[in-house]
Amino acid sequence: MSDLPMRAQLAVALGRTASKMSRLAGRGDGSVIGGKIGLKLDPDLLTRLAANRKLVLVSATNGKTTTTRLIASAMSGLGEVATNAFGANMPTGHVSALAAAPAAKYGVLECDEKYVPMVLRETGANVVLLMNLSRDQMDRAGEIWQLAGKWRKALDGADTHVVANCDDPLVTWGAQTAKSVTWVSAGQHWREDSWCCPECGGPLDREGTNWACRQCSFARPRPEWILHGNRVTTPDGRVLDLQLNLPGRANRSNGVMALAVVAQFGVPPEVAMPLLGKVASVAGRYTTVQYQGRDIRLLLAKNPAGWLEAFDVLDPAPGPVALSINAQGPDGRDTSWLWDVDYRILKGRPVWATGERRIDLAARLEAAEVDFRVVDDIEQAVLSVPPGKLDVIANYTAFQDIRTRYGRAL
Amino acid sequence: MPSDRIKIVWIYPDLLSTYGDQGNCIVLERRAALRGISTRTLHVRSDEAVPVDGDIYLLGGGEDRPQILAAQRLRADGGLARAVEFGSAVFAVCAGYQLLGTEFGGEEGQPVQGLGLLNIRSGRGEKRAVGEIVGDVDPALGIPRITGFENHQGITHLGPGVRPLAKTVIGLGNGNGFEGCYQGHIVGTYMHGPALVRNPALADLLLSWAVKGPLQPINDSWAGKLREERLRAVLPA
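Chains A and B, in that order, give the protein sequences. Going by our numbering, the residue at position 23 of the first sequence is 23; the numbering climbs one at a time, nothing skipped. Each position in the second sequence, counted from 1, maps to that position plus 410 in our numbering.
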């Protein structure tokens, strides 16, 4: 830090003050505003702050925040790790995270999919983790085939090591140009965005996790790390049990990718495993809160692939479920994606529908022939279920609303 | 006509299904079923032949490259063109709408040959149209105002023989004050994704073409409420 130029030091200091004021004003954790001010004063601040550190970028459509946390935990034995733990995953958030930990030799940065090329260029990150790509908030996020193409271009010739999920054809295509890649078989459950070859457009033949283009030579690379059930096969052929404290197959997938990343820094899976197990909730996700005799568990699902994974961790039927949908900026203002989610899986459970776009949700649930009740807010749903467990699945701002209502601490 | 059977063909869900396009299938199936009309839906992937005996064909949205691939394969296949000659109904959204025309814009804005089933030509506009869209439908179709969400950068010019589907009240649509088009039993629109959800009357128009007669009225239920809520939310009071 002290070797930063004067202007950069000032930028960092002012950014920190702004973050602190934002926090005091109750406007969130302040990492965006702090980074914004810092970058305005010194446009090269990210590059300066990244210098002489070993950095990991974590990107995907789903699982970025959780996996960032898992990796940061698994690397904690190496020394201090700078990380944007609050999901502020654009350069402003990266600046704040690095500025907040000036002495940290390591950094794990969650990175928005669109920003991977730019952040890689500016930070020269040592490792880039690419996990999955699927349709997500099309009104603002753009198109994923194009996105994978940009990753491809950015990695071509870059001096970085990539860890990538080879069960996802689009991710594989996006990662393939890197000079060195560790392929991980981490699973892919949402397949509606990968029936065609990203290279030539031909049909992909799929069998189990394996896939290959019928028309060209593009095919699934051989993985070094393999996830099967709750077990991991390591590159040297050992089979280990995953010891996670987060539920569901999506987190097992996040877990194996975290192991592959930290191995790049010399952390063996045996050492990493108990550290992964220390993560039990991530920014409120998967947390259970007790309220009026109900155990409310909060699940975040932002897009069709995310919903599929949320359904995977639900308490078994006939456990009650409340769904809450908003369509503000961070959620995407378009609710069309509801029609890509197969809600029929909720048949046989009591279901409550709420959130600002509860009528969109009601129309969708009715067409899926699910029994549901529409309620004005989450409180009505909570109080309508008998004391006991309630799973709540919400999209981004709906999730934040519920977190705020039942205590930011969760 | 309870014994009627409608064959719905969803064209290329592997290329043209970006965001909720499946909703249009579900809505057609449901509104037919509520009237005791059975349906059969075929999902035809881009490596399969398009059957010529469908009653309603659906085409969804897609990115630039998949759109070009879909146009190439549909032209080579020829099934959709023959079905249109037989008078089948077609409902095409966004990328699917553009590729039914004579020409549309590719990744770099280059002109790409379409299927020529609609006498329209599309290109790339200056800015992306993202947001709610509302339009007053051509009175000849006898259906109320349409509501949807658009997300595209297309500009579409209608040639002779094609009529605009609606006059835009909110949103950009084709880019010249009108939204979508129709020609015979083909309807194209920039209302992306599950456009038929919020517009039950448009779904019924397609179904009535398929059964060649009027349909009994049904309760629009939550879809009807959604339609009212959306119109209220986006139209000036």
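Mixed in with the good hints there might be a few duds.
[Said to hold, decoys possible] Sample of chain A residues lacking proximity to chain B, with all beta carbon distances greater than 10 Å (derived): (1) LEU78; (2) PRO117; (3) ARG214; (4) PRO221; (5) ARG364.
[Unchecked claim] Derived CB-CB ranges, DEER-like: (6) PRO274(A) to PRO521(B): 56 to 62 Å; (7) GLN292(A) to SER618(B): 20 to 26 Å; (8) GLY519(B) to ARG344(A): 38 to 44 Å; (9) GLY516(B) to GLU379(A): 35 to 41 Å.
None of these hints come from the bench; they were simulated from the model. Here the structure is a predicted model, which is why all the values come from computation and not from measurement. Built from N, CA and C at the ideal position, the CB exists for glycine as well.
Going down the list of hints, with the structure as the test:
Non-interface call for LEU78(A) relative to chain B: holds, since the shortest CB-CB distance, roughly 41 Å, exceeds 10 Å. Distance to chain B confirms PRO117(A) as a non-interface residue, since its nearest Cβ pair spans about 18 Å, more than 10 Å. Not every Cβ of chain B is farther than 10 Å from the Cβ of ARG214(A); the closest lies at roughly 7 Å, contradicting the non-interface assignment. At roughly 22 Å from the closest C-beta of chain B, the C-beta of PRO221(A) stays outside 10 Å, upholding its exclusion from the interface.
Under the 10 Å C-beta cut-off, the non-interface status given to ARG364(A) relative to chain B is violated; the minimum distance is some 8 Å. The hinted window of 56 to 62 Å between PRO274(A) and PRO521(B) holds, with their beta carbons roughly 60 Å apart. Judged by the Cβ atoms, the range 20 to 26 Å given for GLN292(A) and SER618(B) is violated: they are separated by roughly 51 Å. Between GLY519(B) and ARG344(A) the Cβ separation comes to about 41 Å, which falls inside the hinted range of 38 to 44 Å.
Between GLY516(B) and GLU379(A) the C-beta distance comes to about 51 Å, which lies outside the given range of 35 to 41 Å.
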